[in-house]
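Fit chain B to the supplied structure of chain G, relying on the hints for placement.
Line by line, the protein sequences give chains G and B.
Here the first sequence is numbered in our numbering, starting from 1 and rising by one per residue.
Here the second sequence is numbered in our numbering, starting from 1001 and rising by one per residue.
FYI, nobody ran anything at the bench for these hints, they're computed from the structure.
Hints should not be assumed to be uniformly reliable.
[Unchecked claim] Simulated pairs of lysine-lysine, PhoX-like, Cα-Cα distance not exceeding 25 Å: (1) B:Lys1222 with G:Lys183; (2) B:Lys1041 with G:Lys3; (3) G:Lys183 with B:Lys1041; (4) B:Lys1109 with G:Lys38; (5) B:Lys1199 with B:Lys1226; (6) G:Lys133 with B:Lys1047; (7) G:Lys133 with B:Lys1034; (8) B:Lys1109 with G:Lys183; (9) G:Lys3 with G:Lys133; (10) B:Lys1226 with G:Lys133; (11) B:Lys1122 with B:Lys1008; (12) B:Lys1109 with B:Lys1008; (13) G:Lys3 with B:Lys1047; (14) G:Lys158 with B:Lys1226; (15) G:Lys86 with G:Lys38; (16) B:Lys1199 with B:Lys1034; (17) B:Lys1199 with B:Lys1169; (18) G:Lys11 with G:Lys183; (19) G:Lys38 with B:Lys1122; (20) G:Lys183 with B:Lys1226.
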Amino acid sequence: MEKHITVPADKEVLSSLRSGDYVYITGTIYTARDAAHKRMDEAIRKEGKLPVDLRGQVIYYMGPSPARPGRPIGSAGPTTAGRMDKYTPRLLDLGMGAMIGKGKRSSEVIEAVVRNRAVYFAVVGGAGALLSKCIISSEVVAYDDLGTEAIRRLTVEKFPAIVVIDSLGNNLYETAVREYAVKENGNAEEKIS
Amino acid sequence: MIRTIQTKEIADNISEMCIEANHCLSPDMSDALKRAEAGEKAPLGRKILSQLRENLEIAASDMIPICQDTGMAVVFLEVGQDVHLEGDGLEDAVNEGVRRGYTEGYLRKSVVGDPLIRDNTKDNTPAVLHVRIVPGDQVKITVAPKGFGSENMSRIFMLKPAEGIEGVKEAVLTAVRDAGPNACPPLVVGVGIGGTFEKCALMAKEALLREAGSHSPISYIKDMEKELLERINMLGIGPGGLGGTTTALAVNINTYPTHIAGLPVAVNICCHVNRHVVRVI
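So that you can see chain G by itself, here it is in the shape it has in the complex (with noise of 0.2 Å):
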């Protein structure tokens, strides 16, 4: 079903999100990938707090190639989302609301969503250009130091997005996966009844 959602959002409209939605965000998100995370896991070990509130955001895995000069952002798709799994546990429990990559998610993960009814959106990967239009303004908030890596907070306009993990742990990784395969040599289970 296609929405419009405003983020960030309540725990009420995340979870109201199902697998398979096709989702215009709009608003204000969060970007960070792979060297942000570990960052932030120090952070939360060493003093306890993030150094931004995540509390009901939106994380992109994302980092953006340079901006040209008169553009907001680079290439903007999304970055595999997997290699987060050692982190995102403990930032959803935090409070984080909702993710957005690309990839399939740890069962752990995917407990997490369930958990804090929380949802976990796919873009689709390789589409850089096309996404980056969808962002209005990029500033960085944290990291500086990491480049492309850096904690960014975006404004989105109709940001373009499918939710693959609902808050009832849907997976349309799977679901939409096994609709489509089609079974070699025949229908194994068919043959065996």
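Relative to the frame of chain G, chain B by itself:
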């Protein structure tokens, strides 16, 4: 006759080629994407493929890289044995070209200087360089920036000879199945069969440079390319891994003689942004 070529000329070309490769996908790849859109059965899959087509148009017209992962620069040089190179060292010239291309072209710097300490080198150097000496008096340059979403899902299998052609097919299907949505399908699958551990990996990388839609000149390998493409597209993974009938656009296989005891197979997976630019000077 010895022909003198300045290494600066190689650097200048590589700089331009890094920028070109990251903004304009070669016609064989964009045509393959268009064909896929026409044949895709899943409605969401078709929508994603049309977004990828629109993405290519925006990238070329607005000079925004096709993908934010502008890759690690893989450079192939075929240097004619009648060429005399003058100027800075060849490797330095290649890295100078990459440095300038990535800096002046607003491309992302994605290279860390040490794989464990992980400090960004801030200019995307060094490149990964493969040089061959060939007959002639020209230098053929291929620049193929490689993204790591798909590189991370690539595999090497050291099969037993007894596993044969069925073992090879299963290895390729396993790599694609395991890659799933992570490698940004629809994919181009480069396969190297034979040689040694490193030779099959290099052949798999070189296979990605081949034009999408072309086939191996060896007839049974050509048949295997077609069969594997068909079977990969039956996996259901689809565009973006969100279900569909287009999981790969091409399967390209290279082979080489190997040892009596071995059957190495490398599967180098590339996303739909399979970038490669070639120039001959």
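Going down the list of hints, with the structure as the test:
Only pairs whose Cα atoms come within 25 Å are accepted, and Lys1222 of chain B paired with Lys183 of chain G is accepted, the gap being roughly 24 Å. Proposed proximity of Lys1041 of chain B and Lys3 of chain G is supported: the alpha carbons are some 23 Å apart, at most 25 Å. Straight-line distance between C-alpha atoms of Lys183 of chain G and Lys1041 of chain B comes to about 16 Å, which keeps the hinted pair within the 25 Å bound. Distance restraint check for Lys1109 of chain B and Lys38 of chain G: the Cα-Cα separation of roughly 19 Å lies within the 25 Å cut-off, and the hinted pair is therefore satisfied.
Between Lys1199 of chain B and Lys1226 of chain B the CA atoms are separated by roughly 23 Å; this keeps the pair inside 25 Å, and the hint holds. For the proposed pair Lys133 of chain G and Lys1047 of chain B, the alpha carbon gap of about 17 Å is at most 25 Å, so the pair holds. Straight-line distance between C-alpha atoms of Lys133 of chain G and Lys1034 of chain B comes to about 22 Å, which keeps the hinted pair within the 25 Å bound. Proposed proximity of Lys1109 of chain B and Lys183 of chain G is contradicted: the alpha carbons are some 42 Å apart, above 25 Å.
Restraint check: the Cα-Cα separation between Lys3 of chain G and Lys133 of chain G comes to about 19 Å, which is no more than 25 Å; the hinted pair holds. At roughly 37 Å between alpha-carbon atoms, Lys1226 of chain B and Lys133 of chain G are farther apart than 25 Å, so this suggested pair is violated. Proposed proximity of Lys1122 of chain B and Lys1008 of chain B is supported: the alpha carbons are some 22 Å apart, at most 25 Å. Restraint check for Lys1109 of chain B and Lys1008 of chain B: the C-alpha separation of about 22 Å stays at or below 25 Å, so the hint holds.
Restraint check: the Cα-Cα separation between Lys3 of chain G and Lys1047 of chain B comes to about 16 Å, which is no more than 25 Å; the hinted pair holds. A threshold of 25 Å between alpha carbons decides the hint, and for Lys158 of chain G with Lys1226 of chain B the separation of about 40 Å lies outside it, so the pair is violated. With a C-alpha separation of about 9 Å, the suggested pairing of Lys86 of chain G with Lys38 of chain G holds against the 25 Å cut-off. Under the criterion of a C-alpha separation no larger than 25 Å, the hint pairing Lys1199 of chain B with Lys1034 of chain B is inconsistent with the structure, at around 33 Å.
Note on Lys1199 of chain B and Lys1169 of chain B: the hinted pairing holds, with a Cα-Cα distance of about 19 Å set against a maximum of 25 Å. In summary, the hint linking Lys11 of chain G to Lys183 of chain G is not supported, as the alpha carbons are separated by about 39 Å, beyond the 25 Å threshold. With a C-alpha separation of about 19 Å, the suggested pair Lys38 of chain G and Lys1122 of chain B falls inside the 25 Å cut-off, and the hint holds. About 18 Å separates the Cα atoms of Lys183 of chain G and Lys1226 of chain B, which keeps this hinted pair within 25 Å; it holds.
Checked against the numbered hints given earlier, the structure breaks hints 8, 10, 14, 16, 18 and satisfies all the rest.
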